[in-house]
Amino acid sequence: MRLAESLSIGACTAPSRMMFGPHVTNLGDDDRSFTDRHVAYYERRARGGCGIVVVEGASVHASDWPYERAPLADRCADGWKRIVSACQPHGSLVIASLDHAGGQGSSAYSQLPLWAPSRVPEVNTREVPKWMEEADVAAVVDGFGRAARSAVASGLDGVEINAGQHSLVRQFMSGLTNHRGDRWGADRLEFARDVIRVVRASVGSALVGLRLSCDELAPWAGITPEMAPGIAADLCSLGVDYVVVVRGAIFSSEKTRPDFHESTGFNIDVCRAVRAVVPASTAVFLQGSVVDAGQAEWAIGDGVCDGVEMTRAQIADADLMAKVRRGDVDRVRPCIRCNQTCQVRDARNPIVSCVGDPSSGHETRDPQWDVAASTSRRVLVVGAGPAGLEAARVAATRGHAVTVVESGVVGGVAAVAGPGGPLVEWLVRECERAGVQIRAGVASDEWSRLVPQHDAVIQATGSRRGDVDYTVVDGVAVHDIADVRRGVSALPNSGRVAIIDPIGGPIAVALAEQLGDRAVLITPDNIAGNELSRTGDLAPANVRLAQRGVTVEKRSVVRAVEPHADGASVRLQDRFSGELRTIVVAAVVDAGFRLPTEPLPVERVLSAGDCVAPRTLYEAVLEGRRAARAV
Amino acid sequence: MAYKYLWTPLQLGPVATRNRIVFSAHLTNYARNGLPTEQHAAYYAARAAGGAGLIITEEHSTHPTDWPYEKLIHGFHRDVIPGYKRITDAVHRHRVPIFAQINHNGGQASSMFSRLPVWAPSPVADPLFREVPKAVTHAEIDEIVAGYATVAEHCAEGGFDGIELQCSHSSIVRGFLSPATNKRTDEYGGSLTNRARLLLEIVAAVRGVIGNRLALGVRLCGDELIENGTTIDEAVEVSRLVEASGHVDYINTSIGVATASLFMIEASMHIPPGYAMFIPSAIRKAVDLPVVGVGRFKDPLQAERALAEGHCDLVGVVRGQIADPDFAAKARAGATDEIRLCLSCNQECVGRMGLNRWLGCIENPRTGREHEWAVTDHVALTAKPKDVMVVGAGPAGLQAAIAAARRGHRVTVYEKENVAGGQVRWAASVPNRAEFGDVIRNQLNECRRLGVAINFGTGVWPGLVDEKRPDHVIVATGAEPQRPWWVADPDADESARRVVDVRAILDGSAPLGGPQSGDSVVVVDEIGFHHATSVAELLADRGCAVEIATPGMVVGQDLGITLDMENWWIRASAKGIVQSTDLVPMGFADGELTLLHHPTGANQTRRPDWVVLAVPPSPVEWLYNDLKSSGVSVERVGDCVAPRRAHAAVVDGERAGSSI
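The listed protein sequences derive, respectively, from chains A and B.
Quick note on numbering: my numbering labels position 602 of the first sequence as 675, and the sequence is numbered without any gaps.
Quick note on numbering: my numbering labels position 389 of the second sequence as 403, and the sequence is numbered without any gaps.
Just chain B, with the same shape it has in the complex (with noise of 0.2 Å):
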């Protein structure tokens, strides 16, 4: 397809961009004691070297009683001035300019870390941090705004190209905007000119430090999608007010508050792409200023057609260029099949940042070990090429695979199956979860590039390895479903044969479920991911009668560092899935499930049709055992180490395979 839009340069005041690609601010955890890091340089430097053609930094605070997490930027010292000559220099050098978010979280935020009261426009408690914040005096206002003017300056200093304003899902200025969290009776609040006084005083001040020789942006919430919150029309007025002030560039969009509606922020993918185009769409239609439109950009086809429908000016692509840093230079070049394609899964990168961790990728073990490797797709090649047999085509196989054929060793793939995946192609079979699948599309694609040959319904046994005699082998069998102690032997009580694993049912091996069948199904869920849900839903969609059953608090715990738990339980509700909590599974005879209330000591018992378990497999180690006590040279990875999540194995299998 020819991209008509998508390469043609824009200007944002004083600044050029050469493509609508816009790696747009988005934290990453990786400042230590306030301040930039090098892993931010390298971070944000392999996105410029990969083409993008803008970026802009994750926030940096401008003031001290704004510390919402531990690992926030404090632009208010000029101590970080040196961490973004860095930063910039490090982009500039691909000649990418890129602009510098600023930002107070006002009462999106605790006092854990400043020790310092928490200011907002109103003493009303953010509904995450569940502090109650500081009404902010006029004479705090005015600190506000200085802060803003300082961090500006202290930008400029830095090398940055431009300054956009976080107004948008965490922001004391959204604060004020937004009517949920302004109460004040003064001139900041009431009517929308008062709301976005602070706003405008904002701009002013920052427009009076940096002049012209920096553009400025400002990041607007489209829809707050909160009770009582800004929703569109009034963004279309709050973008009229600030194209108006004169000071401005471009406007920036986003969707959601950051502490009450993420879910809808950064989507995972159950939302579908483009979900959050309304806003550009209905900005730019009100103001001539450039509009960035953001919300599961995936694919550059799809951005372009943004483009091409008038919906914004310039695309933001963040989890895109997370997962690929190329993401840009393959689309231009003409490779759309070559880039690693972000699953929108939020596992790693939005998983790992509300748990205070380094941003990272579920499929790119490099995002944000950028410092630590090279910066380009060159790794040293290995002087001594090896042949190196992979068992297993699963994640940490194939990831295995691609990173020693990355060094130049000859790489085959054995497959006992007649499709990679392993247990991704399950995961990826449920619904609303195909995206998943794009792992193993990437590293298939991956390892095509790098010539790595793939035996597929090839079984490995000792023999085999005796026979190819390869240099290494690296184990990646995987793991398999296990029948729990609790479960009666089905070859003593048949009806435990009705007990059977979530697997089971997305090979169709189970038969339960189909219209009208009117199953009643119990799904024991104790991994407290998507298995069990996911699998739940499966069923109530084929027309079962389905109670999920956890040991645990909740539900599918871990749903809720993914985003993905609020919009479960709206369909869950939807579905009529019934959740219950803290019983422990006792055992399974005669057809009767038994459950521990644990709190109470009290037994409970159920007489489903079916018994569904999401429980941690085993891992299939014979191989790897056996070829150890033989003397080969082997290696295991993933599952068959220890049943974990797809990133481990991918982890697991990069260290693995390149470090032969």
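Here chain A stands alone, though its shape is the one from the complex (with noise of 0.2 Å):
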């Protein structure tokens, strides 16, 4: 495959075409250096067989504190050196982000002002940032050109300039957020010249690449596909050996790394039109949601790139590259694009990792899950949901002999709810490969003579509907959105339909979409989907419920659900006027926090996922592991 082929780049040669870009990992310590988890993290996916590891960005001036475990370059010699030995004996190119946020940062940590080309607001904090004096503008050039030096000289194959998402060399080229009448708003570019050229004279012969923002999605001002190849042969043309073609600016973060509600691919017009004007020596690399290495392998093949940037599809498998290499394309773990838990520009801090696989971040912390186990044992998983079969994979990768039985379908919730479908395929393929027998279909008393059969027994048997707390009078239904989507129960279909979510998450925002204008969304809340900012899908989804003609009821609780001849009366309270309205609709689904199954009467049973507490896909599969490992 062109894409397991070795690329060469400036005086360097990447083993692979595979680019592990930068971002946020939140592995760093409150001195904003790197530490031994970022070195576990990035040795991790280069014995994966990466071609390019992109660190996580260091700031290069200390106007500059994005958020708290951002990186400072002036600390992170060390680091950079740290992460270079442990990767390069690998093969793998290893690459400093050089960054500068500028009025995309925040003034939480360093408590001085933000600097910017312009006095325009950061679009979420609203914070006013500072128009940047001379000598601001001169530190930060000098920054660049200071940082790249400490990159080079702790032996990184070279460094990359962020012009992308979160980026003052971006904020400087856009007309949305440069309105400055010196020199440096007369020609946008000549910032991104100026860092480029103290760059290159910088690093010698190492690698200087950039991250271009190709697309800032607001054309009245912004950078477009149109004015991008443009930029990019200007830029370029002053020695850069590298380009990711990214897109997103100042009113669209989300749409940089976006969750799977986006098209997969979305930058590769404009990459192709990049690499037809670029030099020949610069590699091109394209970026947005290429999660599969096919799509990867056609768009080198069909001239849009060089390479290409699999970030989250490394997070999910480390061993992405290894797997292509091997032919095993089939058993790569996908990456489901959920950004639940990767997206982790968030106040709260978390670690990066994975849903798929919750020991991404963690390398330094979680055992090795598949070391053979001393004896074999026969092993009994009860539940064939995302805990279940995580549970039996290990459990049979370590030499057991699992069988798995499920009372309905195999995948449980995570099959018919979220983007969870690939992910849950994944695991019966690896189930099935591994040897697993996978039972569905099989009622409890059925299973429950199997137990004398077996040495260990794992219960998965996941969640089941939560109680409510309003009235229900009787006479009327009200569904339970897990049993909607199983196709257990119908929906009418005409009339309105009242969607209780008091939890705000993706499952509700799902079927709300799903029906409509005949949707009724009725949140606590102040926003729908209040709890879907972690992944970046808050207000596109507010977005989209908008357009498709959603109707929600903010600030509400619902007192109580009657029979009424049209379907049913739906009782709602203001939570703070205490005002009491009725709405009356076709059907009632609840959407509430959900209740585990019953403990399995059996002794001395291992449990995971929903059944010890409904939850998530992360812990499901994260507590499928430490049964499997404690059999």
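Derived from the structure by calculation, the hints contain no laboratory data.
C-beta atoms are modelled at their ideal positions from N, C-alpha and C, and glycine is treated no differently.
One or more hints might be untrue.
Listed next, with one range per pair, are the computed distances between beta-carbon atoms [claimed, not checked]:
(1) A:A135 x B:A218: 50 to 60 Å
(2) B:W636 x A:T624: 49 to 59 Å
(3) B:W636 x A:A306: 39 to 49 Å
Under the rule of at most 35 Å between Cα atoms (straight-line distance), these lysine-lysine pairs were calculated in the DSBU-like manner [said to hold, decoys possible]:
(4) B:K197 x B:K299
(5) B:K482 x A:K627
(6) B:K482 x B:K400
(7) A:K627 x B:K589
(8) B:K344 x B:K99
(9) B:K430 x B:K642
Assembling the complex is the task here: the two chains are given apart, and the hints tell you how they should meet.
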């Protein structure tokens, strides 16, 4: 495969054409330097065959402290050295990302004003930055040079200048954010050119990369895909060895690594256009929700690019390239683009991880799951949701003889709600490959007879419908959203449907989107889908709901559901005014919190996932592993 | 005023306090990697040096399943002990006792950091964290109790004088006590005796390990302010059970549930001081143990009165001592006016906690940085005193003057208006926001104490700088309203004269509202803080029909951070204020306001009598630019750098003034 071939870039050769792009990990420490956790995280991807590892961005100047654990280049030399020592033995190129978030940063940690080309408020915090004075501009340009010298002196193969999302360089280039009347505004590319020139002069023969936003998704003033090739050609002629084509800007920070609601490969057209105009000596990388090796291979073969950034795909499966090389593409653990735990630009500082591989980001802490067991045992797993399947997969990999029994259908709630389908399919394939017997439609009295034939039992029976805190008057049905998703409960084909969503998660929002103007989404919050902010889908979800005509009843709690000639009447109360009102709908769906299923009447049972406490895919998979290891 | 009670010593079991002022437990986010730090030690020591009678630390977690926020102290690790010793030594140096609060947050948590199921009495999801917890088994209950005992041992070894069990606003013990979260049918659920079983088991276990050397307190929630939650009668019953155990030396109180009704726990200035007094008052009538009262105690006279009226035996003053570590010492010395009064604005203390940031204070730049600054008010005097001119007496200019004068410079402030405060005086002129003005009162008091000269009614132009020849100029000229691009030129379109900034409402220059005026007003909120909401309230109170339109997903989005959101909604509902979201103003001409509903791309129009703008102002920077280009030694601070909030102004001013 072309993807697995080496790629010459400048004076270097990448062993494969797959890049692990820079991203926030929160693996850093309080001193803004890299840690052993970073080293292990990147080493794991290098070991898996990644061609180019671009390390988490480092701020080139103390005026930039965009998130609490953001590395500061002045403190990164030692960490860069350790990352290089760990990764280069595997052949990977290791690149430092050099950053300044400008007006998209935060003053919370630095207690300093934000610096930006012009006074455009940060979109979320609405903090107004300081327009940079001449000395400030010089200080940042100088910072890029100093950081580049330090990176190369630390043994890195090169540096990558961030002119993509969260970047001062892009803010200078864009009419959205640069309203200056001086020379930095007269030619908006001048700042980027200065930075590139200084960096080029600072790194000798090492690589200079450029991460370039080629579509700011704000055509009224921003960089458009039509403008991007010209910008790329101009900047790359200054000695840029590679360019990564990305998109997004101040109004669209969630569009740079969007979740599954966006299509994959959305930068293909603009990337092809950039490839056509930049010098042949500049390698072009495609970025943008490319999570499938087949699409990456196609893009290289079709002349879209020379290499592909596949960041989330390698968070999901660190051995992605190794599997591609072995011809085991179908064994790659899929990235489902859920963004649930890898999207960690979040004030709480969650650690980067993956619902499919919860040990991502925890390389130094989690055990090796698949070490062979000292004795092979017969393991019965009850429940074929993600927790049960992962438990079975890991137990079988360890050498146990595993049977999975499932009373319903394989995959649990994950198979019918949310983007987890491909992960469930992968788990099933891997289980089968490992010799796991999966038996669906097995009633409880049947499998309980199997217990004595096994040495260990893992319960992964999932959740059941929760109790509701409103009155349901006799004669009216309130459907469980899981049953609706499973097809057990049918909704009427016409009339409005009330969806009661005290959680604010993705499942109720998805049903509301599907029902469109028939849906009435009832939330206690000020915003629909309140918990979606973590994945970046909060604003997009609300846009989709509005576009599809969904009625959102905000700040509302349900007091009662009563029978009505047209279906049901739902009594709502405003959380703040106390005002009561009634809406009449054809059907009512409850999307509230679920309850664990009852413990199995078996001695010394191990348990995993929703039957412990109904939570998400992440906990299900993690606890599946832990149970398998405890066998 | 003569204090009769506040300075009276009190015995809490084996521990004597020198007065009745408690720096009670509160989160700080100063921990690193689960361990207490030098930042903690210096922070608590500053309050001990400042005269507090008793310090109670933030919570120490008792079990690995409890990790609701990143910077929690993991008391269950023995590694905490050296940090404990640093804290207790630093506080004991001032002969002040210090207690450790120990806790398990129970279901008021998520598994984000622990990667373990959250433990609770029943699988009832917390309204904030929204994660269904695991109902604990009897073996796990034993483990919880053992965890408290282990941590109590660590605390004893670390030199603490007492232990407080946080059974109040965020605790597994409250989870068991409350019928809202305890749905158990075993001996830990149902009757109050059963629901209190865990509490009493923990009390006995902790007393068992600390013996009589340390004091033991229990903090109880007097009213959860949630549906089906605990209310005062039951809290009084629990107090009786606690006292009857014979193991406990005092009872502390609180109100609300941290993850449901936090806005009533750390109430902002909209809630009257002393609002939670009914709780200690009721409990004190029922038990003989000393009782601590809390709830927005801002000044020592109010604290004295609470004691005099018999509501409580000790008074918790948290934010008051965050703002001024010397609160108690100044009160005791009769210098009440010198106390830097807390504003209850919640911007940099409470507001930073939920965002996982270290605790600070809007008006005290040293809060949380005590380990970097000198602990006392003494800062090295400069060897070369300079003449410093400060232009502007808003919070930035006044803080610059204070910081420079503290270092021994000769400081003169010039203010073009006849009063100090800049935008703060407008911010403080709206309903229920008067306390915000205390920041200026406090700064003026400090200026007076430090001998800073303030010339009111004196604008500064380059010629005056030439004439006065200061060694250094600090420009703090603030920001002025700007007309956004989408508003027609009022010279060409007379209707645009009815588009005014919030400041024009507050300074009275825009003649809208008034009895029976019935004016209709659209307030455009592009800032997301008190600007729009406060003015909307003011106008609604004046009889206007008010709508707030914002491009954001909520009006006043940052009111959530300062815990002002819930009460804003309650007041806005009562006043009939309409709140419209996702609307981007696109034009105002011929009396018509055009708003783009950005999710759908549909335009909406309004024809209000007035449009009021809450939009970022424009920095007044000409003086800075002029002086800089003519080679004067000059720096600028506050909104004339970039229009931000008061804290940024204070921090800028402090930095500029102290670095001369």
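A quick look at each hint next to the structure:
| no. | hint | in the structure |
| --- | --- | --- |
| 1 | A:A135 x B:A218: 50 to 60 Å | holds, 53 Å |
| 2 | B:W636 x A:T624: 49 to 59 Å | holds, 51 Å |
| 3 | B:W636 x A:A306: 39 to 49 Å | holds, 41 Å |
| 4 | B:K197 x B:K299 | holds, 30 Å |
| 5 | B:K482 x A:K627 | violated, 60 Å |
| 6 | B:K482 x B:K400 | holds, 13 Å |
| 7 | A:K627 x B:K589 | holds, 18 Å |
| 8 | B:K344 x B:K99 | holds, 28 Å |
| 9 | B:K430 x B:K642 | holds, 21 Å |
This entry does not satisfy hint 5, going by the numbered hints stated previously; all others are met.
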